[in-house]
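Fit chains P, B and X to the given chain L structure using the hints.
4 protein chains.
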Amino acid sequence: MRTILRYGQIGGTLNAFIGDVHRKAISIDGQAELVAGCFSTRNPEANVATGEHYGIEAGRIYRNYKEMVEAEAARTVDRIDFVVICTPNNTHYEIAKAFILKGIHIVCEKPLCFTATEAEELCRLAKERGVLFCVTYTYTGYNMVKQARQMVAEGAIGKVLDVKGEYLQDWLSDEVGDDVHTDRKLSVWRMNPESSGITNCVGDIGTHIEETSAYIVGSPVKRLAAVLDRFGHPLDLNANMLVEFENGAHGTFSCSQVAAGHYNGLSIRVFGTKGAIEWEQEHPDFLRYTPKGEPTRILTRAAHTGGHALEINRIPSGHPEGLTMAFANIYRTFTRALLNKANGKANDGEWDLDFPTVEDGLRGVRFIEGCVRSDSAGSTWVEL
Amino acid sequence: MRTILRYGQIGGTLNAFIGDVHRKAISIDGQAELVAGCFSTRNPEANVATGEHYGIEAGRIYRNYKEMVEAEAARTVDRIDFVVICTPNNTHYEIAKAFILKGIHIVCEKPLCFTATEAEELCRLAKERGVLFCVTYTYTGYNMVKQARQMVAEGAIGKVLDVKGEYLQDWLSDEVGDDVHTDRKLSVWRMNPESSGITNCVGDIGTHIEETSAYIVGSPVKRLAAVLDRFGHPLDLNANMLVEFENGAHGTFSCSQVAAGHYNGLSIRVFGTKGAIEWEQEHPDFLRYTPKGEPTRILTRAAHTGGHALEINRIPSGHPEGLTMAFANIYRTFTRALLNKANGKANDGEWDLDFPTVEDGLRGVRFIEGCVRSDSAGSTWVEL
Amino acid sequence: MRTILRYGQIGGTLNAFIGDVHRKAISIDGQAELVAGCFSTRNPEANVATGEHYGIEAGRIYRNYKEMVEAEAARTVDRIDFVVICTPNNTHYEIAKAFILKGIHIVCEKPLCFTATEAEELCRLAKERGVLFCVTYTYTGYNMVKQARQMVAEGAIGKVLDVKGEYLQDWLSDEVGDDVHTDRKLSVWRMNPESSGITNCVGDIGTHIEETSAYIVGSPVKRLAAVLDRFGHPLDLNANMLVEFENGAHGTFSCSQVAAGHYNGLSIRVFGTKGAIEWEQEHPDFLRYTPKGEPTRILTRAAHTGGHALEINRIPSGHPEGLTMAFANIYRTFTRALLNKANGKANDGEWDLDFPTVEDGLRGVRFIEGCVRSDSAGSTWVEL
Amino acid sequence: MRTILRYGQIGGTLNAFIGDVHRKAISIDGQAELVAGCFSTRNPEANVATGEHYGIEAGRIYRNYKEMVEAEAARTVDRIDFVVICTPNNTHYEIAKAFILKGIHIVCEKPLCFTATEAEELCRLAKERGVLFCVTYTYTGYNMVKQARQMVAEGAIGKVLDVKGEYLQDWLSDEVGDDVHTDRKLSVWRMNPESSGITNCVGDIGTHIEETSAYIVGSPVKRLAAVLDRFGHPLDLNANMLVEFENGAHGTFSCSQVAAGHYNGLSIRVFGTKGAIEWEQEHPDFLRYTPKGEPTRILTRAAHTGGHALEINRIPSGHPEGLTMAFANIYRTFTRALLNKANGKANDGEWDLDFPTVEDGLRGVRFIEGCVRSDSAGSTWVEL
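Protein chains in written order, with the working numbering: chain L, 1 to 384; chain P, 385 to 768; chain B, 769 to 1152; chain X, 1153 to 1536.
Quick caveat, the hints were computed from the structure, so don't treat them as lab data. Nothing here was measured: the structure is a model prediction, and the numbers come from that model. Worth double-checking, as some hints may not be accurate.
Said to hold, decoys possible - Below, a sample of chain L positions facing chain X; criterion: calculated Cβ distance under 10 Å: (1) Met1; (2) Arg2; (3) Thr3; (4) Val21; (5) Gly55; (6) Glu57; (7) Ala58; (8) Arg60; (9) Gly261; (10) Tyr263; (11) Thr300; (12) Ala302; (13) His308; (14) Glu311; (15) Ala328; (16) Gly378.
Here a beta-carbon is modelled for each residue, glycine too, at the ideal position from N, C-alpha and C.
Next up, chain L with everything else stripped away, as it sits in the complex (with noise of 0.2 Å):
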């Protein structure tokens, strides 16, 4: 019986943020191993330094991802099991292609690709070759987002009627007024259409609001009216929406990376007929939870929680988990459903796929496209 998987990554050198993140996640429940990778494309040295880093013999850090599928999927022994794809989002179709077609696991950032074409062909490359793929929406992973999902599953707060979702951000507050800085290198690849796609802000943060209230709601987006601001940048920075779920619930989304005071600041507020729940990203180990009539309870990770999160949870409560603890737990998931299936084991647990999937990755994409035909055709509705 298989206990530690393989993988190899790619995009995520050293100073890189999100794919340090991958990492370490993994690391915490120690289920898998980096074995092979190809850090950087367009820097061989900090490719090679990456994989040295982290201890990877030479003839698994990779020039390119094309070698390293080839080179993985020909091994015999020791092949990597899962690939983790860290890249610029303009990359992530044509990499999850080529290890979905030698039949290797994926996990992958969001946004998953940049049309819903490409996204619907590698949700049936996926279900076809049996690979399972997960789309890195990290705040699912939260132990209180899945306490909310749930509670609303539950019947807590009744039929649904309104979502709140939002995530503001201030880190291009720079971009906007008299003082732009046009040339800020950070910004660069989030707001250059060939490397983000259509969107900035939607693509970036506005499809966490999605799918994270999709998750709670039990519900995904049906329609939608979006205005996006560009402020004069080819991309947006700031979005707004009306949007309906497909159980009928309405609601706003919003987003923004020129909001003062907001660092990231994602919150979902669902109101039903019976209550409603709040949860707020920055203070994640607490949950608003108020049934109707009665005052507003705040509910605190482990003290007061149930089932699912119950049994996932990791430290006592009052003991803050933090976003490491929410990519954790998506691995933890991703990794066992990996070994049951290594094992020959079902997945058949309620709870066995929790992570979010290229199902989602494709919802994203769609999510993304609706919100740029809507405003495109001055902000009408749209269906997606």
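Below, chains P, B and X without anything else, positioned relative to chain L:
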């Protein structure tokens, strides 16, 4: 020189919430005495009891507003200077008109009336007759709302980019879901088109979002797209909007009377090129102010205010002023303006007429009509 | 049957903070009219101007309290029912005593007087003469403080184990550190032993902690050990205490006038065998209530209150009541009790005399003396 | 040059909370591998299972610490560099001493040991043998606690005047009141003097207040007066203290395990002549900073930090780092210092030895002894 004004009141028997708030607010600064009234037409006993409670002489407790306007207008001495109208929405127009025509100044609850046509007529008449006409959008009376308006005007947050307003209550929660009480007395008049007009929630609280945000931003809403939720009732209980201000800023407005956990949750957040300002009615003495790139500052009434907001300050910082003081601030300005007028002084200072007027009332009616028009047309965009 | 009382005021010219709060608080319910006063002895012009501003007849604007007490006591008609004493602390005793001896009821600012001996005399005299004597410990007037008292009394948190009270302000911050302004006018009388007595901070705000917590807990402080910080000044600006209540509960009290970031930060937290209650003056309409083992509930005024707290409720939940309403609550009870007395009705209901009395004032003086005695003896324990 | 260390662990089977936190924290930066251990003496099966789970070779899964220290010390290759001690408090002293004597570096859970005499011996021995000895007072590892220490050191709040520390939990709430479960397994060892020593609450969490506040303030506690509440149990469950720091600042400390509504509520507030700093463990990425006379600023990790706190930053602002990262920060510094030592580099940078040491452990033991001594003597003042 006159120092004390005389006023009459229509509506607002002893147990009515808002009528009492008006009287208490006026009493705080002692600039006007209640000397006449018609507190109820349908309930003559409550009418007389209220009048007597306030020591009004028998001859000036009137059976209906028509009797009152005639009698008061005919008086040569001690005639009322202004009338306070706290009756159901459907009567505001005719009562206000009758008093304007007699040259009696007016304070009227919002919404001003039912149609923009009526509102335009009231605006025109008030102007022609030189009548001061205040519409009590209470929340612009809060000290820190004035501080916010000042700061935006002085450029503290640069050019306004985005505005998020919301007003959430829960008091009609029992009107949705399985346990709907269709016979609940509490909600009768608000949810009855005859007394409430074409909206319930949007007219009752949604208009406060528009008025308060326009006051802070210094620019009104120009266009919007609205989704109204009626949940099987004739009028709306929940609404979401995309808005565009005249100054070009976009944003969202949300109002609800079925949002569990929220009691009178008006909040306005304004994001600009140089910073942001955020205010919540349930904690009115505080203002969150974030200069771009710096930590958020918690501004406290009196301690961190200046200009007009500091001058009109009533009690030291840290001692909550509360709703009644917001009301009293409006009345203090209104009565001072009337006294100036009575004493032949000009009201030409920047803040001399700093109270919500019949023009604001007109804008409120247009906002309500715009919301319904948009919603009826599939939530498309409409100009106000 | 009398429905309106007459009162006189000593101290509290037009611009004085607390004198004005008293007048506004009384005006809110309209149960008493200001008909006499001596607003300043040292400044005859301000005295007359204040009297005239409130329409007091010339003959009842007195030059000093002695003239006032004689003249008012001598009146056979329209004599004042009660006097409001808002003068500096060092004058409370003699003024209060003079009015008691004439059978005139009293509202006096805290601290009641300078020594327990004086306070005991006032208690005895008030009892002998049947005088109602209110000492305005404002904070027990807040609706949610009454709700807290009720809940503790009803056993909502079980047996009280621990009490943490604090009252932090920053307004004397400039008195410490390198940039001390020894000539600051603002702080003169508070920091002058002649006008303030043996303490500044403990007497001004520390006593509020004792009074408010004793009111909520239903048991006074019995013993304490105190550390007073004078930072080179004759009187204290900061203090910390270990306390033991009569019911056996332990806890800490802290007060400060040099705590940057705190304006009027009175908070009381009570922990019991079955739960906890926490209240903060800067957000007075809320109460945190935690039943043991369950999530914390945010109780909101009016929405989640019962009994007396619900009955005395003034405006709907979510609309902040503020400090003036807390004051008005005290005055409403006090004036109703006086009216009952005047009209021959018993004050035998549980909450009929629910205002802070001269006995509370005595306890406050003992608390102050205890703190100074403990501090002087090396912060050892003293009995109150 | 060595880049990876080897460590062994004593205590901390698979299901134990704190042992697992240590392993996860070490894994995050990957600077040390677990190669030996004695995870349980009483439960040989759990011991072996834990060792196997982490892939430790059979010969290095020891039956008791004595066997381990002998065997490891005897190894000529791959000997462990340091040992992590996570056993009950009563065993720390003898285990730590045994490893020091063999020159093996140490990470030990707090409290360090039972008596100051023992602690002094460990300090002396560690110094003599050149052993790096970390005592895991976790909370000084938080990024914003380091930022607070920096700011105080740089004079941001001037001279420190007052310190308020508290640490409130509720997990032993069932031990007080009518429904005491004297046989509750959960609380057995903490409340048993044999395993916990002379205190429960003070030793478990009270010492964290002392350590964290001393770290921020840059000065330890010198004298105190303490009241310990045992509520009928042999050891304390609640305590309050008056404290005096060496720098002359006064303040209060409170700790409790029976404070309903608080889970791991450590908070430190420091007031100085030029401002104040306030930090709460349950929201560790934020710091309230108030420069005297100005509004409070909400400092956010990464966004508003500098110096060392910025350098050691792990993920972008707004993404909560959580407890495990605080632990990992301690381990990163400790292992880097060990690697420097191993590689012949000096640890002479300002922050090179920025981890809690055996000297802090000694101070913690003195604090515990002082609290008990004071309480036993009627809560009088004692020197530490």
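The hints, checked one at a time:
Given the 10 Å rule on beta carbons, the hint for Met1 (chain L) is violated: about 13 Å separates it from the nearest Cβ of chain X. With a least beta-carbon distance of about 13 Å to chain X, the hint placing Arg2 (chain L) at the interface is violated under the 10 Å criterion. Given hint, Thr3 (chain L) at the interface with chain X, holds; its Cβ is 8 Å from that chain's nearest Cβ, closer than 10 Å. About 6 Å separates the beta-carbon of Val21 (chain L) from the nearest beta-carbon of chain X, less than 10 Å, and the hint is met.
At a threshold of 10 Å, the smallest CB-CB gap from Gly55 (chain L) to chain X is about 8 Å, leaving the interface hint in force. With its C-beta approaching chain X no nearer than about 16 Å, Glu57 (chain L) sits outside the 10 Å limit, and its interface hint is violated. Restraint check, Ala58 (chain L) versus chain X: the minimum CB separation of about 16 Å is more than 10 Å; hint violated. Interface restraint check for Arg60 (chain L): the shortest CB-CB distance to chain X comes to about 18 Å, outside 10 Å, so the restraint is violated.
Contact between Gly261 (chain L) and chain X, as hinted, is supported at the beta carbon level, the nearest pair being about 8 Å apart and thus within 10 Å. Taken as an interface hint, Tyr263 (chain L) checks out: its beta carbon lies about 3 Å from the nearest beta carbon of chain X, inside 10 Å. At a threshold of 10 Å, the smallest CB-CB gap from Thr300 (chain L) to chain X is about 6 Å, leaving the interface hint in force. This hint holds: Ala302 (chain L) has a C-beta 8 Å from the nearest C-beta of chain X, less than the 10 Å allowed.
A distance limit of 10 Å between C-beta atoms decides the matter here; for His308 (chain L) the minimum to chain X is near 19 Å, and the interface restraint is violated. For Glu311 (chain L), the suggested interface contact is broken, since its CB lies about 13 Å from the closest CB of chain X, more than 10 Å. The interface hint given for Ala328 (chain L) is met, as the beta carbon of that residue sits about 9 Å from the closest beta carbon of chain X, less than 10 Å. At a threshold of 10 Å, the smallest CB-CB gap from Gly378 (chain L) to chain X is about 33 Å, leaving the interface hint violated.
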